[in-house]
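A.B. asks: As they're listed, the protein sequences go chains A and B. Heads up, the first sequence is in the working numbering, so the first residue is 1 and it goes up one at a time. Heads up, the second sequence is in the working numbering, so the first residue is 1001 and it goes up one at a time.
No lab work stands behind these hints: they were computed from the structure. Virtual Cβ for every residue (Gly too), placed ideally from N, Cα, C. Treat the hints with care, since some could be wrong.
Partial list, derived from the structure: chain A residues whose beta carbon lies under 10 Å from chain B [stated by the list, open to error]:
1. S6
2. A63
3. V67
4. R124
5. S137
6. A140
7. V273
8. G274
9. A275
10. A287
Below, computed lysine-lysine pairings styled on PhoX-like, alpha-carbon distance capped at 25 Å [said to hold, decoys possible]:
11. B:K1017 <-> B:K1073
12. B:K1061 <-> B:K1073
13. A:K24 <-> B:K1061
14. B:K1182 <-> A:K24
15. B:K1017 <-> B:K1035
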Amino acid sequence: MSTNNSFAATGQLLRLILRVDRLKLSLWLIGIVVLIGITPTSIRSITEAEARTQGVSPEMILAQQSVLLESNGASIALQGPADALDTFGGRYAFEIGAFTFVIVGLMNVLLIGRHTRSEEESGRAELVRAAAVGPWSAIAAVSIVAVAANTIVAGVTTAVFAADGLEIGPSALFGVSLGLAGLVFAATALIFVQIFEYSRASTGASVGILGLAFGLRAVGDVNDNAVSLLSPIGWAQAVDAFGDRALWPLAILVMASISAVGISVALVVRRDVGAGLLSQRAGPAAAKSWLTSPMGMAWRLQRSMIGWWVVGVGFMGAVYGSVISAIDEFADQNEAMVDALEALGLERGELRLGFINITLSMMALIAGGGVLQSLLRPRQEESAGRVEPILAGSVARWSWLGSHLLLTLLAGVAFMVASGAALVVSDALVVGSFSDTAAVMAAAVARVPALLAIVGIGVVLYGWRSRASLGIWGVFGAIVITFFLGEVLRFPEWVKDLSPIRHVTNLPGSDQGWLSIAVLLSIGLAGVATGLALFERRDIG
Amino acid sequence: MAVFPFSFDEGDEGRYKLEALDADGEVIGDHSPAKPNPGLTQARVGVWLSGWGMGSSVAIKVRDLHKAFGSTKALDGLDLEVETGQVMGFLGPNGSGKSTTIRVLMGLMRQDQGQVEVLGQDPWRHAVELHRRITYVPGDVNLWPGLSGGETIDLLGRLGTGLDPARRAEMIERFDLDPTKKGRTYSKGNRQKVALVAAFAGQADLFVLDEPTAGLDPLMESVFQDAIREQLDEGKTVLLSSHILAEVESLCDRVTIIREGRTVESGTLSELRHLTSTSIEVTTTSPIGVMADEVTNFVADGDHRATFSVPTADLPGVMSRLAELGIEALESQPPTMEELFMRHYAVDSAE
């Protein structure tokens, strides 16, 4: 096979990707650019305002805050190593945080999945590969798009930091580390799309890697050890662009990307078009009796997805549980921290509680991804034309949709129980004894109503129009951003209050949660009822 | 038609080389042009030679093809040979391995074992070069939901065998396709038309069609058949997998029937007819009962009238026996396509 032909028509495929994906990819890039763009302005103005009030220099304020942040394990677990926090650049990088790396990674993983395995699964890749298109052309085309997208992320980040008045060198270093981390996730996704036959599985595996990368660096950063260096996000954050300015992590990121693309290129020519490297198991010859009820059907369609999410959130819970005790030690080692907390009227134990609060809410947001996937399953069934034969049978509309929604709710409970239990058990394994078990478990389950409220909005959208239900990802995205960046970006209180998760984040440790829970439950149930009523009335398909 | 095989190498800028081969593939003579002739393709040479009753070339040659998916044997020693300039019907019951064979021919799948040559090349190793000369239409075309039909035709054409703008416009017209609609809004039949227009507007030498007319209305079916005939006039080759027997009957020079991944029959339609039975309804002057043991499905209607079937090969003998009995009226029906294929599709696998 000549090299020439192996990449035949790459340019055409590249244009096809840009044409088909112009809206989605643009929205992702705009979202990321906005996310990164508003952070520096916001932090600088807060800091300068504080400096004027205290009559000191802004750098002084940064230095004061850096002492607090360095000893705040919860922040470190969520955002990254506390490097160079006494500089504006270091502080921006910290606030942009590991969370943004995950968002950029997600953009890459989904981009790769859309243009590789999804195309094969739909049969379109067969049409394309039956033309004069080389075996490596699709990988090359989507890789070029991924490189371009990550270059834009890197470039805009650099520009935003430089525009804020930071030195161009360190700004570019940070931008490049973010872009290269994104590229590593794109490249790993390229491997998984060769292995799995269905895009759901390959995307799931790639997102799993993303979660693993986030979790490993959290453990490493909190304990200040090399575990972070098992994670691509850890590599990128080890660059410490505004402190030590290490260049070796960039080399690792580049090499990892190239090797992963190399592996995928080697794998793609070893398999048939449309097939995976893992073959499918045979299914049972006949349906079990439970399968033929609407609830059984919903369970059969969703069980493996729910199962994988339980494993995923359980793993994340275990990762965060393992650092709870380290949070306590932080406070022990750091007198300034204790003083600062006391000045705020907090006791030491509340630091631990605060961390558990934040962690459980973060877990609820991660679980929210799974809950939304379950929620949108009916929409998927409908757009694939699979719901018509069901509804043409003796199944009522409310019964079909209601079964899926009941399962969505149960899945939400299962995710939260799994993450709470994993948190408690993992902490107990580290410390040697169980503590706060009942409180943590109750608090975990108490976050389900917040998820239900989001589900309620989604059901209304779906009941109105099938395609409108996808808008719930926008709502969810806004909630996630409010959670991670609402404080830094100084969202007004009423905006932050729109996020349902905010109303349960003070649990455990608060007695005022019941009202919030009742309100969230009512919103959720009202949404579900309205959505079901709308669904009864609209056209199918 | 096929006197001797030949090999044809297009060479650079029309300096082709034509070699005549004997049955063992040894070169027994060759020819190169005095002046370059860039328009000449293997397909055209095939038509040209067969017009003189001289040559033939094989567009598709498959020997002893095996392919398994896990423990499932999809292909189990399949043979297939399609001569240049022919329409080969490729038939078999669902799940017999037609689509798998076609995917192997297109280089989308690699065989576990066996010999495959398409236009003289290995389709797996030379997929890209071959795909500039082959066009493929699957039976279930999936389009990009956001691309219009016209965009998809251009895309598939440019990625594949090229696109002749005049032909493209003509085909859109003939297939009555609205090229401005988005992929997600096309019906099954219209998605099929998009792929067919892209195929016929191209410059392929070989058409590999896997149930290409599934979902087309009868009017479009006839447009499809006309388009195939025009391609044949230009010396193109077609491999047509189809369950629409009327389409097979009207288009195919030869058919290959496969079952359970193996070739069970291959030949012209009249050759295959020969293997099946003709049904006869006859009235004789002498009592007809004596025929009961000599034919099958014998049903008497009184002493002098009966219906029965006769293996087509035994027809002459049976006819002379009937003549002895004194024929008063006779109606014979050649085997229908349905009967022909039922016979091959329904054979017990123990056979």
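A.B. asks: Does the closest beta carbon of chain B sit nearer than 10 Å to the beta carbon of V273 (chain A)?
C.D. replies: Since the shortest Cβ distance to chain B is 4 Å, the answer is holds.
A.B. asks: May I ask you to test the interface hint for V67 (chain A) with respect to chain B, counting a Cβ-Cβ separation under 10 Å as satisfied?
C.D. replies: Status violated, d = 53 Å.
A.B. asks: Regarding the hint that A140 (chain A) lies at the interface with chain B, is the smallest CB-CB distance below 10 Å?
C.D. replies: 13 Å, violated
A.B. asks: Please check whether S137 (chain A) passes as an interface residue: C-beta within 10 Å of a C-beta belonging to chain B.
C.D. replies: 9 Å, holds
A.B. asks: Go through the hint on S6 (chain A) and say holds or violated, using the shortest Cβ distance to chain B against 10 Å.
C.D. replies: With a closest approach of 8 Å, the S6 (chain A) hint holds.
A.B. asks: Does the closest beta carbon of chain B sit nearer than 10 Å to the beta carbon of A287 (chain A)?
C.D. replies: With a minimum Cβ separation of about 21 Å from chain B (threshold 10 Å), the hint on A287 (chain A) is violated.
A.B. asks: Quick one, is the G274 (chain A) hint okay against chain B at 10 Å, beta carbons?
C.D. replies: 7 Å, holds
A.B. asks: Given the hint that K1061 (chain B) pairs with K1073 (chain B), test it: the Cα-Cα distance must not exceed 25 Å.
C.D. replies: 21 Å, holds
A.B. asks: Quickly compare the C-alpha distance for K24 (chain A) and K1061 (chain B) to 25 Å and report which way the hint goes.
C.D. replies: Cα-Cα ~45 Å, so violated.
A.B. asks: Against the 25 Å threshold, does the CA-CA distance of K1182 (chain B) and K24 (chain A) hold or violate the hint?
C.D. replies: 17 Å, holds
A.B. asks: Would you check whether R124 (chain A) satisfies its interface hint, that is, whether its CB is within less than 10 Å of any CB in chain B?
C.D. replies: 5 Å, holds
A.B. asks: Closer than 10 Å between Cβ atoms is the bar; does A63 (chain A) clear it against chain B? Give me holds or violated.
C.D. replies: 52 Å, violated
When each numbered hint is compared with the structure, violations occur for hints 2, 3, 6, 10, 11 and 13.
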